[in-house]
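Asks: Chain by chain, the residues:
Protein chains: 2
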Amino acid sequence: MQSEKEIEDFILNGHKQYLNNLSVDCVIFGFHDQQLKVLLVRITGRKDWVLPGGHVNIKETVDQAAIRVLQQRTGIDNIFLQQFQVFSEPDRSRIDWLYKVLKKYYPVVKKDNWLLQRFVSVGYYALVEYTKVTPLLDMMSDASEWWGLDELPPMLMDHRTIVNEALQALQAGLNSKPIGYNLLPRKFTMPELQSLYETILGKKLDRSNFSRKMLAYEILKTNGDTRKGAARKAPFLYSFDLIKYRKALKEGLNTGW
Amino acid sequence: MQSEKEIEDFILNGHKQYLNNLSVDCVIFGFHDQQLKVLLVRITGRKDWVLPGGHVNIKETVDQAAIRVLQQRTGIDNIFLQQFQVFSEPDRSRIDWLYKVLKKYYPVVKKDNWLLQRFVSVGYYALVEYTKVTPLLDMMSDASEWWGLDELPPMLMDHRTIVNEALQALQAGLNSKPIGYNLLPRKFTMPELQSLYETILGKKLDRSNFSRKMLAYEILKTNGDTRKGAARKAPFLYSFDLIKYRKALKEGLNTGW
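Those protein sequences? They're chains A and B, same order as listed.
Just so we're aligned: 17 in UniProt numbering is position 17 of the first sequence, and the numbers increase by one with no gaps anywhere.
Just so we're aligned: 85 in UniProt numbering is position 85 of the second sequence, and the numbers increase by one with no gaps anywhere.
FYI, nobody ran anything at the bench for these hints, they're computed from the structure.
Hints are not guaranteed to be accurate.
Since the list gives no way to pick out one identical chain from another, each pair is judged satisfied if it fits inside one copy or across any two copies.
Stated by the list, open to error - Below are the DMTMM-like pairs computed for lysine to aspartate or glutamate, each with C-alpha atoms no more than 20 angstroms apart in a straight line:
1. K204 <-> E251
2. K247 <-> E165
3. K100 <-> E4
4. K233 <-> E4
5. K103 <-> D9
6. K5 <-> E129
7. K203 <-> D77
8. K110 <-> D96
9. K16 <-> D112
None of the values given here were measured: they were computed from a predicted structure.
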């Protein structure tokens, strides 16, 4: 979606191309400077920030729509994407407010416009490599930026709630799914991996327990190399065994019943 | 939904009362005779079985819609209900087939009827006490029965897939959520609880590991009573500590990071 004409067509005729009453919203997490960040976009001409989101084309699955939205917003594909919850409070769409905003830019918009219906949104979270992302803009957004989780700006609708629920789902997911592949450099030390977990969980973890539990997952490999330049006992460098990592992503970590 | 007139009104005017393009489907699991069962309904005048499902009223959340559907189908409320996945393959709705079926009963139906749009369905699974359920019928269903997971009848659309995915979600959930409260009698032995887990997981578990792990969850209580009439060493009777059980249901079992 680029030109003004295309946007107008989307607003006036989108109901023929997209499912009604249904949208997707993506919470894109990146890890940088020991901080968990979220990618937000700002609506053109407004001060409010929202999650990257979009609608579901009549020929797409909901997952495909989310993947498309992410590609359009970050410029990268092959993103780990996890559907986690549907958001459906009847008053979440703030229809009256949206009508005013749309009306301002497109006076031709009527009250029965498809965008002024109630929308149920399917929430996704994604883990991406912070440095690889080039936030992209379109006519409907005039900024796209990373925000630290502790310093999020005011967000429209229930998007702050969606971020909070995504974080909880990510935290819960740590017990059954491997994470880290998109969030860390290719080689990392156990303390660096622990730091990522601690950042996501928002709490300190015991060092030897962490190492023992993580090694038991059998998703790490090392060739005995250590971090060069370390002062005394240099920590081993690990990388993910991608075959085992992807297997665990599909089937769950080997910690269950 | 009871009378023929009400159904006709639902078909012809439902788009004013319900969200378009969105439905819910519920996989209701019960445990009986060491078997996991699923509650299915048969569409009036057809041989095909479907999951109990329904639409989302414009004033309801999606969760509320699922709860309402379950109440209407089972006669009980306070059911443990878990949203687990959205089903959205563009061709899942079998619109041409549905058109023929609708047309047969309601010749007035047109091709642009709201029920003949593509529907994205939010999947839920529920765990209920088999003996407490009285399957209810309405004008659109002429049978409502429990089916063993191993002997499911042919099901319409992607409903068999939804059952399979629900089972996988239930299995994965065993590692983070307590289960059993709605599936077992109030007092039970550790082997009975293990049998429930084994049935859901479809595999045998080591007896002492199971007991150790389950007790570590701290959701069971016992006053030392044993099963009367047992031959030699009678197993202790347990019940769920409901306060701790509900806390774990909300916050996850104490096994995570």
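Asks: Each hint should be assessed against the structure and marked as holding or not.
Replies: Here is how each hint holds up against the structure:
1. Taking CA atoms no more than 20 angstroms apart as the test, K204 paired with E251 passes between copies only; the shortest distance there is 18 angstroms, against 28 angstroms inside one copy.
2. Taking the shortest Cα distances, K247 and E165 sit within 20 angstroms of each other only across copies (18 angstroms), while inside one copy they are farther apart (26 angstroms).
3. When the C-alpha separation of K100 and E4 is checked against a cutoff of 20 angstroms, the pair qualifies only within one copy, where the shortest distance is 19 angstroms, while the shortest distance between copies is 42 angstroms.
4. Proximity of K233 to E4 under the C-alpha cut-off of 20 angstroms is found in neither arrangement, the shortest distances being 60 angstroms within a copy and 79 angstroms between copies.
5. Proximity of K103 and D9 under a CA criterion of 20 angstroms is satisfied intra-copy only: 15 angstroms inside one chain copy versus 34 angstroms between copies.
6. For a Cα distance limit of 20 angstroms, the shortest separation of K5 from E129 qualifies neither inside one copy, at 34 angstroms, nor across copies, at 57 angstroms.
7. For the homomeric pair K203 and D77, neither the shortest alpha-carbon distance inside one copy (31 angstroms) nor that between copies (38 angstroms) is at most 20 angstroms.
8. With identical chains, the CA atoms of K110 and D96 are at most 20 angstroms apart within one copy only, with a shortest distance of 12 angstroms there and 32 angstroms across copies.
9. Taking the closest pair of Cα atoms, K16 and D112 come within 20 angstroms of each other both inside a single copy (14 angstroms) and across two copies (13 angstroms).
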